[in-house]
Amino acid sequence: MNTRILPVTAPAHSPAIRLKDVAFNYTEQASTPILNIPSWQVDEGEHVFVVGKSGSGKSTLLGLLCGLLKTDSGITEVLGQNLHKLSGRKRDQFRACNIGYVAQSFNLIPYLSVVDNIKLAISFATKTSSSTFNNDIEALLRAVKLPNSHWFKPVNRLSIGQQQRVAIARSIVNKPKLIIADEPTSSLDQSNRDAFIEMLMETSDQHKITLVFVSHDLSLRQHFTRIDEMAAINLVGGL
Amino acid sequence: MLIKLAIESLKYRKGSVVLTCVAMMISVFVLLGVEHTRKQAKDSFASTVSGVDLIIGARSGSLNLLLYSVFRIGSPVNNISWESYQKFKAKDEVAWTIPISLGDSHLGYRVLGSTEAYFDHYQYGRKQRLVFESGSPFTSTYDVVLGAAVADKLDYKIGDSLVLSHGIAATSFEQHTDSPFVVKGILSPTGTPVDQTLHVKLEGIEAIHQPPNGKKDDLQPSSITAFIVGLKSRMDTFRLQREVNEFQPEALSAILPGVALTELWSTMSMLEGILRLISALVFIAALLGMIAMMAASLRERSKEIQLLRIIGATATSLFLLVQLEAVLISVLSILGGAGILALILLVSRETISTTFGVHLDINIVNENTGLIALAILITTLVVAAFPAFLAYRQGKTQI
Ligand SMILES: Nc1ncnc2c1ncn2[C@@H]1O[C@H](COP(=O)(O)OP(=O)(O)O)[C@@H](O)[C@H]1O
Ligand SMILES: [Mg+2]
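Note that the protein sequences, when read in sequence, are chains X and A. Our numbering puts the first residue of the first sequence at 1, with every later residue one more than the last. Our numbering puts the first residue of the second sequence at 1, with every later residue one more than the last.
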């Protein structure tokens, strides 16, 4: 079970994300879908800021991108894989190996230590239990500037800002090609927010990771080169 | 890592987990306790007499005869005459006999009158003979041979003198201070009621019963309580039994210890069944408590489940996680329950041994209890599949 589901080695300019005619609904009976995306694309290494009102389907879109949600209509290609052609188990493994996810809160198991949280993420991606504390983990925690007195503390004794930084470390430990961030700064104050965004940008640049960052807070747009309106992506919102 | 996660998650929810564990522990204690005591009581009873062909006493139910003659439980309905005893003792097919005279006590321990034949022929366990820890069999009227527990508890040594009283109460009113007995021998432990018995000659029993101020020289017993018979050939067992049961001068009963024991077990089997049923129900109640606790915890853990899914846990991993937690609780409870049982046995075995003549082993690890532990684990796995499935489904549907 050591085989990672690697993205198909595609031509140089293959997009990291390509959506085509995607429609999604939580319940099958509902008359109007929550998402209806004719076409949306993100290139490799791009940092995209998706902005939209609360309830406009941002989290749902991210759920589709990381394979937690599934739809039968259209194409949802992520890193060269058409996700909805994969079995549930394969999608889970794909997500573990290739996608780093940072949510608004509860990014870490509160009663595990910082290091154990990272080991846990490793364990789902590799399926081998060589979960020893190693240089990789150490380097990661140094990169997110977590003092090493905190490394073996339960996560719930860290400040929110520290927790979100550990979440960044956790999200990139498996060397993903794509980071998905769902309003990761909404629970942070101004100074923590800026530090967090900078750190996220730096890390994803450094490892050439594609970043999809979702928020309703337009003030964050300054950090991004590409800004997409949710209303423009999702036709349901535009109606 | 999943195991670590399970352990830490249980630690995190200490409060409800400890309560659940305690309930499970108690139920495991009851399950194992009932089974262990049942098994040990049977073994203990079965190993009390060995190599005996017939036990003969006054006419009564065979169980009653077995219980009072061998286990010192209950009391005889009647004595049998010395003449009848002599008559059967003299029979050709009889190899040996051990007369038994009961009804007296010393500080709560039973006094048994017999002859030297007792030490020559009495067998217990797997045809083991009585062995002297020190001293020798009684030879004179005022000699007494102590069972191991009596010597130990009352701290008697060879040469000590003691007073035997009439009756079986722990403190008897009629203490015959003028009949001092001297410890002649002390037996090695047997794990049978012999350990709790003081042995004197039949003449010694007569001496106890003498009026204080009218000593007779003739201490020839006129009756005994029962006698144990060893035959030259076991072929004669049933014939002699019939002869005893049809004996005219006196109403007698002859029993085969093995048959009487079987009868005892069948009388007990109903009780056993009820005890087992109750302990199983107690266990199921505790198990349901655990399941309810786990199912309820899933709701408050929904964020945790969502997070695990996000970092790549399959729904199957969630199923396994819940199963692992259930197994951990179950294993803890088995160990705890067994620990409580061992502790209680350790504390109470003396009392049980002296009151019921049942020798309980503290070592509760055996095939039987192992099977029960296995059954507990398997039942846990089966029942925990329910909350585990809930977690699985929650993982599938919730994002
Ligand atoms: N698990 C769910 N089941 C059913 N409906 C949901 C679920 N999650 C979200 N929705 C609905 O989908 C719509 C979009 O929600 P969401 O994607 O969370 O928006 P956003 O993240 O932009 O605030 C909302 O109307 C919400 O009520
Ligand atoms: Mg949202």
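Worth flagging that the hints you see were computed from the coordinates, not collected in a lab. The reader is advised that the hints may include incorrect statements.
[To be verified] Output of the computed footprint for chain A on chain X, the stretches with three or more beta carbons under 8 Å from beta carbons of chain A:
1. 81–95
2. 114–121
3. 214–220
[As the list claims (entries may be wrong)] Far from chain X, some chain A residues (derived; all Cβ distances over 10 Å):
4. MET1
5. LEU2
6. SER9
7. GLY33
8. ALA41
9. SER84
10. ARG110
11. THR237
12. LEU308
13. ILE311
14. ALA342
15. THR379
[What the hints assert, rightly or not] Each computed SDA-like pair below joins lysine to any residue, with the alpha-carbon atoms no more than 20 Å apart:
16. X/LYS90 with A/SER317
17. A/LYS396 with X/LYS175
18. X/LYS175 with X/LYS153
19. A/LYS396 with X/ASN134
20. X/LYS153 with A/LYS42
21. A/LYS11 with X/LYS90
22. A/LYS396 with X/MET199
23. A/LYS4 with X/TRP151
24. A/LYS303 with X/TYR26
25. A/LYS42 with A/LEU231
26. A/LYS303 with X/LYS175
27. X/LYS85 with A/ASP160
28. A/LYS303 with X/ASN156
29. A/LYS4 with X/ILE137
30. A/LYS4 with X/ASN156
31. A/LYS396 with X/LEU69
32. A/LYS11 with X/ASP72
33. X/LYS70 with A/GLN394
34. X/LYS153 with A/LYS232
35. X/LYS70 with X/ASN25
36. X/LYS90 with A/LYS396
37. X/LYS153 with A/THR316
38. A/LYS4 with X/ASN134
39. X/LYS90 with A/ARG239
40. A/LYS396 with X/ASP72
A virtual CB, placed ideally from N, CA and C, is assigned to each residue, including glycine.
Here is what the structure says about each hint:
Figure legend: the region 81–95 of chain X, annotated as covered by chain A; annotation consistent (5 residues with Cβ-Cβ distances under 8 Å, at least 3 required). Counting residues of the region 114–121 of chain X whose beta carbon lies closer than 8 Å to any beta carbon of chain A gives 4, which reaches the threshold of three, so the coverage claim holds. Residues of the region 214–220 of chain X with a Cβ under 8 Å from some Cβ of chain A number 0, which does not satisfy the need for three, so the listed coverage is violated. Residue placement check: A/MET1 does not keep its beta carbon more than 10 Å from all beta carbons of chain X (closest about 4 Å).
At roughly 7 Å, the least C-beta separation between A/LEU2 and chain X is not larger than 10 Å, which violates its mark as non-interface. For A/SER9, the requirement that its beta carbon stay farther than 10 Å from each beta carbon of chain X is not met, with the minimum near 7 Å. Distance to chain X confirms A/GLY33 as a non-interface residue, since its nearest Cβ pair spans about 35 Å, more than 10 Å. At the 10 Å boundary, the C-beta of A/ALA41 stays outside the reach of chain X, the nearest C-beta of that chain being 47 Å off.
Distance to chain X confirms A/SER84 as a non-interface residue, since its nearest Cβ pair spans about 79 Å, more than 10 Å. The claim that A/ARG110 is not at the interface with chain X holds, since no C-beta of that chain comes within 10 Å of its own (minimum 61 Å). Residue placement check: A/THR237 keeps its beta carbon more than 10 Å from all beta carbons of chain X (closest about 67 Å). The beta carbon of A/LEU308 is not kept farther than 10 Å from every beta carbon of chain X, the shortest such distance being approximately 8 Å.
Distance to chain X contradicts A/ILE311 as a non-interface residue, since its nearest Cβ pair spans about 5 Å, not more than 10 Å. Non-interface call for A/ALA342 relative to chain X: holds, since the shortest CB-CB distance, roughly 33 Å, exceeds 10 Å. Listed as outside the interface, A/THR379 is consistent with that label: its C-beta sits roughly 28 Å from the nearest C-beta of chain X, beyond the 10 Å cut-off. For the hint linking X/LYS90 to A/SER317, the alpha-carbon distance of about 13 Å falls within 20 Å, and the restraint holds.
Our distance criterion of 20 Å between C-alpha atoms is broken by A/LYS396 and X/LYS175, whose separation comes to about 25 Å. Straight-line distance between C-alpha atoms of X/LYS175 and X/LYS153 comes to about 24 Å, which puts the hinted pair past the 20 Å bound. Note on A/LYS396 and X/ASN134: the hinted pairing is violated, with a Cα-Cα distance of about 33 Å set against a maximum of 20 Å. Our distance criterion of 20 Å between C-alpha atoms is broken by X/LYS153 and A/LYS42, whose separation comes to about 55 Å.
Using a Cα cut-off of 20 Å, the hinted pair A/LYS11 and X/LYS90 is violated, with the two alpha carbons roughly 32 Å apart. Note on A/LYS396 and X/MET199: the hinted pairing is violated, with a Cα-Cα distance of about 33 Å set against a maximum of 20 Å. Simply put, A/LYS4 and X/TRP151 have alpha-carbon atoms about 17 Å apart, close enough for the 20 Å limit, and the pair holds. Taking the CA atoms of A/LYS303 and X/TYR26, the gap is about 19 Å. The hint holds against a cut of 20 Å.
With a CA separation close to 26 Å, the supplied pair A/LYS42 and A/LEU231 exceeds the 20 Å bound. A C-alpha spacing of about 24 Å is found between A/LYS303 and X/LYS175, which places the hinted pair above 20 Å, so the restraint is violated. Note on X/LYS85 and A/ASP160: the hinted pairing is violated, with a Cα-Cα distance of about 94 Å set against a maximum of 20 Å. For the given pair, A/LYS303 sits about 14 Å from X/ASN156 by alpha-carbon distance, which is consistent with the 20 Å threshold.
For the proposed pair A/LYS4 and X/ILE137, the alpha carbon gap of about 18 Å is at most 20 Å, so the pair holds. In summary, the hint linking A/LYS4 to X/ASN156 is supported, as the alpha carbons are separated by about 17 Å, within the 20 Å threshold. Simply put, A/LYS396 and X/LEU69 have alpha-carbon atoms about 9 Å apart, close enough for the 20 Å limit, and the pair holds. Between A/LYS11 and X/ASP72 the CA atoms are separated by roughly 42 Å; this puts the pair beyond 20 Å, and the hint is violated.
Distance hint between X/LYS70 and A/GLN394 is fulfilled; the C-alpha atoms sit about 15 Å from each other, no more than 20 Å. Distance check on the hinted pair: X/LYS153 and A/LYS232 sit about 80 Å apart at the alpha-carbon level, beyond 20 Å; violated. Between X/LYS70 and X/ASN25, the direct Cα distance comes to roughly 9 Å. Compliance with the 20 Å bound is thereby established for this hinted pair. Restraint check: the Cα-Cα separation between X/LYS90 and A/LYS396 comes to about 14 Å, which is no more than 20 Å; the hinted pair holds.
Proposed proximity of X/LYS153 and A/THR316 is contradicted: the alpha carbons are some 29 Å apart, above 20 Å. This hinted pair checks out: A/LYS4 and X/ASN134 have alpha carbons roughly 18 Å apart, not beyond 20 Å. Pair hint X/LYS90 plus A/ARG239 does not hold up; C-alpha atoms about 81 Å apart against a cutoff of 20 Å. At roughly 16 Å between alpha-carbon atoms, A/LYS396 and X/ASP72 fall within 20 Å of each other, so this suggested pair holds.
The structure does not agree with the numbered hints 3, 4, 5, 6, 12, 13, 17, 18, 19, 20, 21, 22, 25, 26, 27, 32, 34, 37 and 39 stated previously, though it agrees with the rest.
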